[in-house]
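Chains as they are written, first to last, in the numbering used here: chain A, 1 to 297; chain B, 1 to 331.
Everything hinted at is true.
Which stretches of chain A does chain B cover? Using the computed rule of at least three CB atoms under 8 Å from a CB of chain B, they are: (1) 93-100; (2) 103-111; (3) 139-150.
Far from chain A by the CB rule (all over 12 Å, computed), these chain B residues: (4) 26; (5) 60; (6) 201; (7) 225.
Don't read these hints as lab results, they were simulated from the structure.
Cβ atoms here follow ideal geometry from the backbone N, Cα and C, with glycine treated the same way.
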Amino acid sequence: MTAVIEANGLGKRYKGRWALAECTLSIPAGRVVGLVGPNGAGKSTLLNLACGQLKPTTGTIRVLGHEPGDGPGQLARVGFVAQDTPVYAGLSVADHLRFGARMNPAWDHEAAQRRIERLGLDPQQKAGRLSGGQRAQLALALAAAKQPDLLLLDEPVAALDPLARRSFLHGLTEFAAEREGRTIVLSSHVIADLERVCDYLLLISGARVRLAGPCEDLIAEHYRIVGPRRAASALSPHLSVVQEDHTDHQSAFLVRATGPLPEGNWQAERPDLEDLVLAYLARDRQTHNSQDREDLR
Amino acid sequence: MTWMTWRQFRTQATVGALALAAAAIYLLVLGLNIRGDYDRSLAKCIATGCAPGLVSGFTDKYSTVIMLTDLALMTIPGLLGVFWGAPLISGELAAGTHRLAWHQSVTRTRWLTVKLLIVGLGAVTLTGLLDLLMTWGASQYDTVKAARFSALVFGARGIVPLSYAAFAFALGAAAGLLLRRPIAAMGLTLAVFATVQVVVPTSLRPHYLPARTADIRLDATTLSHADGITHNGSSLVIGGISLPDAWVVSAGHALDSAGQPPSAEKVNSCLMPGRFDGTVACLAGQDLHVTATYQPNTRYWPFQLIETTLYAAMTTALSGFCFLWIRRRTT
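Start from the sequences and build out the full structure, keeping to the hints where you can.
In structure tokens, the structure reads:
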């Protein structure tokens, strides 16, 4: 399968601080990718590099086989909904559709109009007077009617109430289903937002990619095991420990298995996506803390 | 892109068009008045020589209103730079809408080209129309007054105002791109444009072509047109020396026929405080002269061309900066 986004040693530095470092990844086509990580982890930086808004400090990134933002053809194939979904406050909803129609050769006017109608947006309303949810929907309608092969969305639901969030994500899955092979990458710092729609997970924390893969594979590779108290080193070498928890008599681990789970005197269960993400984030924080302690010494 | 640029520029364009219409009516009325007056009084006699009072009466009547109008016309390019140029890009950067605009199927370069061309041409056209009306209305006054090189008149006639408008607009756009905030960009545009408009006429314009040198005899006519006569012990300075059909760039102090400064006694004997005519008559009899550098009036159009080229070059440099910056640095 061809990669939609291919990054190699990608890094971006702002004023001495690395917002994204040593990022190497390959995202296949036709996926809905959830880009997850805490605030300030580098999600926006990655998306902005992928759409060409930013240029990398180190490494390379290729999107649909080309350099991001390189020429009108490439711009036409990648849709981008920026953080806070900017729209022209002084222009009406209808003006925005006219704007999209004149700026994009592949513009699907009927689809855009249908979307606006279904949302109940008044075409004459100034975009500056729309609610956050309506504004996000307008931005999505613009990006979708452009008919891109890849749609990037930066924290699109962060400012929306639960109802607007659901309706927005529904609109997104509709767009993905309209045509085969479309790829969507949307970021959020809350995994629960994405769990319902995404089938591919990209976890970024501390400017680095921590976990990447199809959701079902990731879930299949991980186990939560609970058994009598033991050290992590006492587990099978085929298991790498992501997270451990000990009480006086019991030990609980979240492990990644390279093959089938070996037999043992424990109970095993599948974690869900949220468990996984939280376990990786917690591990990350521990590593940071121990590094901090070493720095202090 | 053209549609979008026009849609965003509509309000400013309407305000500009209304202001243009009002100014055009004013200039038209002023021009018709001047031309009517000229035809009634001076047209018949100007070739053979009019009575002195007639000419000065005509120029005195309009000198103030024309000076004020020229001053107002000189500010128009600056205003366009501040209100059309500075918000052009900074408005988008401040509102974040560039993150929407730059992800349509139009490159940043094209986006910028269309914006700069449409709004910039609007600014140049508006300035040009007003300039044309003023040049038409004041043409006879300018001929009689023969002071086309004076700082105000030079900058409000001919082709230079067009280049001022282009420069001010490009300056505004570049400032907006650099500072990303409309108000700051407007301030910077105003400050830089005002500085350039002072530095160019005072420091650069006199030297576009090597000035010529001439000895000007201080006869009664020259002295009576002087702004002031001052004597500080060693040198006699005559202010506001003028040459017919020329722009006097600088003038030295008075010298006698032997090329020496006149002696203090000789000068003092002539200075009669409060009696300017007496002073003039006495000094005129002493056979004094000053050495002045000047630019002949035949250089008026070459100077207009040189200055237009200078501003056009600055406009090109600023636009080039915008294209480089928007592609490399702006996020």
